[in-house]
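Here the protein sequences come in this chain order: P and W.
Residue numbering for the first sequence follows our numbering, beginning at 71 and increasing consecutively.
Residue numbering for the second sequence follows our numbering, beginning at 71 and increasing consecutively.
Read the hints as simulated data drawn from the structure, not as lab findings.
Please note that a few of the clues may not be correct.
Identical copies go unnamed one by one, so any copy, or any two together, can satisfy a pair.
Claimed, not checked - Derived pair list, reagent style SDA-like, types lysine to any residue, alpha-carbon separation capped at 25 Å: (1) Lys331 / Ser344; (2) Lys113 / Asp124; (3) Lys256 / Arg196; (4) Lys331 / Thr107; (5) Lys342 / Ile100; (6) Lys113 / Glu128; (7) Lys113 / Pro93; (8) Lys331 / Tyr277; (9) Lys113 / Arg127; (10) Lys176 / Leu118; (11) Lys231 / Gly317; (12) Lys357 / Tyr277; (13) Lys113 / Asp92; (14) Lys348 / Asp271; (15) Lys106 / Lys331; (16) Lys106 / Met137; (17) Lys265 / Gln203; (18) Lys106 / Val129; (19) Lys176 / Val133.
Keep in mind that this is a model prediction, so the values were computed, not measured.
2 protein chains.
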Amino acid sequence: MSSTNKHTLEPEDTLNGAGRYDPNFTSHVISAMGPKTDPRLRKVMTSLIRHVHDFAREVDLTVDEWMAGVDMINRAGQMSNNRRNEGQLLCDVIGLESLVDEITFKQASEAKDAVTQSAILGPFFRHDAPLRQMGETISFDTPADAEVTYMHGVVMDATTKLPVENAEIDIWQASTNGLYEQQDDKQQEHNLRGKFRTGKDGEYGFYCIRPTPYPVPDDGPAGELLGMLDRHPFRPAHIHLIVIKQGYKPITTQIFDADSKYLDNDSVFAVKDSLVVKFEERQGDEKAKLELKYDILLAATE
Amino acid sequence: MSSTNKHTLEPEDTLNGAGRYDPNFTSHVISAMGPKTDPRLRKVMTSLIRHVHDFAREVDLTVDEWMAGVDMINRAGQMSNNRRNEGQLLCDVIGLESLVDEITFKQASEAKDAVTQSAILGPFFRHDAPLRQMGETISFDTPADAEVTYMHGVVMDATTKLPVENAEIDIWQASTNGLYEQQDDKQQEHNLRGKFRTGKDGEYGFYCIRPTPYPVPDDGPAGELLGMLDRHPFRPAHIHLIVIKQGYKPITTQIFDADSKYLDNDSVFAVKDSLVVKFEERQGDEKAKLELKYDILLAATE
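Same shape as in the complex, but just chain P (with noise of 0.2 Å):
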């Protein structure tokens, strides 16, 4: 039957040849990208079509499932502002941003030079942090629930075990009310957050707040998949740092709290292992109760 003079609309016009359903689809849609797509593009859209259309026909997608997720989609970006990035979030519950984590992280690491490096940053860093007196606090109107802890290590080259010195060590922490400073208008600005260098010893060293657990803003979109779900919004305990140094690679991480809830079911799945530290006691000082002791191994990148 010719495909121009086909004038009966039959039952199974919408069905089509061999497989359950058209085994040409997804090459005709892969296709239709004109020669001028930049190269990277066209790998990375290949890939996500043939991911999505075989989503949809592996679980038999109907239109009004499709229609549920465009709407959460819509939605999430009607509620996103500088302040709120709700379609990041609903890539964190689905552990999105910690899988694309861990793969520029790994092809940083393998790349020859640092500049191909991606920082990982989060949500809540500001890249104006105050450069801080090595020993000083980043806790400003300590809340009375806070459990101060003195944080301290050594920066090392990772081959020599030699300390580095004039290493930039950024912090950022959210206060005991589960709120980062910018959230929070009760605190002051950069409160929990600051930068430190090293000395020539490659030490450094300054006074925070144990983390504490807290969820991720369960009133949108991913709240109620999350909800859908069946999942808690929760975090375990945890501080963001970076460190950098010319001549090395530099690192994006947070570190968890062993003792915190939530380290087995991060609602965003941020959590390694290698990650988890413990907070001591600490003993002959006034000023923290808790100490960390974290040192820092940093590759050279020639």
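Fit chain W to the known structure of chain P by using the hints.
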């Protein structure tokens, strides 16, 4: 090394064991779903998470690339409203709507009853199109560049080939400027749409216009994506129709003009060969230059 007394951050700490990336990560995310998750949702999300993660690993998706996607999704939501669904359009240009249409239709055609069938309507369907008399026109204030067409045919039982009386045909199409009446202040309410019911002979017939190609809205993220993929935004000329009759499976489809541009590269991938029809010269009818004879076979539900 125990996971709870690790006090050194080493360069390989965000890398993982066996494979290039953590081989257990995806199953960890999937297993986070709680016991109260709806079984169908669990099936859908398990497949979605697996395919999204496989996609990210397959192309080594970076944080920057992922964030560009998040930004596109957030902006799609922000420009969506009651008259525009940019999230849907983003799906359309990667073929997802057309694919879930096919899946839903196939599911419905395999169902033993009509109750589970889902209507595939597209964004411009209206439930309240007026019932018109057989032989009337759906085109008012017909533009000068329109080619008036008499569309007609017989609705038959797919098995017996006997005429089906009182079948309802719901038709809608865009004007020659590419706009449906609800997108265009210059078209009167319900222009180029209407419902018709077949008589005893199963026949239907009405005047409409030959459809013309038009672009999907390309001033948002979907248009950006089309541009980056070196693709045009045009859809080939088509007419939408739904045919409903108690005791038969409803049909929702689009038919395409065989002489239209873009048949081989519909921007939303809805063309199927069997839905391509040929408009012919009409003789002896001063009201129409063209005619389209189109018979419709309905499958009984029992």
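Verification of the supplied hints:
1. Lys331 / Ser344: within (17 Å within a copy, 59 Å between copies)
2. Lys113 / Asp124: Both, since 17 Å and 14 Å are each at most 25 Å.
3. Lys256 / Arg196: Classified as within: same-chain Cα gap 18 Å, cross-chain 51 Å, threshold 25 Å.
4. Lys331 / Thr107: between (47 Å within a copy, 22 Å between copies)
5. Lys342 / Ile100: Between. Shortest inter-copy distance 17 Å satisfies the 25 Å Cα cut-off; intra-copy 36 Å does not.
6. Lys113 / Glu128: Close inside one copy (22 Å) and across copies (10 Å); limit 25 Å.
7. Lys113 / Pro93: For Lys113 and Pro93, both the intra-copy (21 Å) and inter-copy (23 Å) Cα distances are at most 25 Å.
8. Lys331 / Tyr277: within (23 Å within a copy, 69 Å between copies)
9. Lys113 / Arg127: Both. Shortest intra-copy (21 Å) and inter-copy (12 Å) distances satisfy the 25 Å Cα cut-off.
10. Lys176 / Leu118: both (21 Å within a copy, 24 Å between copies)
11. Lys231 / Gly317: Cα proximity of Lys231 and Gly317: one copy only (15 Å, versus 80 Å across).
12. Lys357 / Tyr277: Intra 8 Å, inter 87 Å, cutoff 25 Å: intra-copy only.
13. Lys113 / Asp92: Classified as both: same-chain Cα gap 23 Å, cross-chain 22 Å, threshold 25 Å.
14. Lys348 / Asp271: within (24 Å within a copy, 83 Å between copies)
15. Lys106 / Lys331: The answer is between: 21 Å across copies meets 25 Å, while 51 Å in one copy does not.
16. Lys106 / Met137: Cα proximity of Lys106 and Met137: across copies only (23 Å, versus 32 Å in one copy).
17. Lys265 / Gln203: Cα proximity of Lys265 and Gln203: one copy only (9 Å, versus 78 Å across).
18. Lys106 / Val129: Intra 34 Å, inter 20 Å, cutoff 25 Å: inter-copy only.
19. Lys176 / Val133: between (38 Å within a copy, 12 Å between copies)
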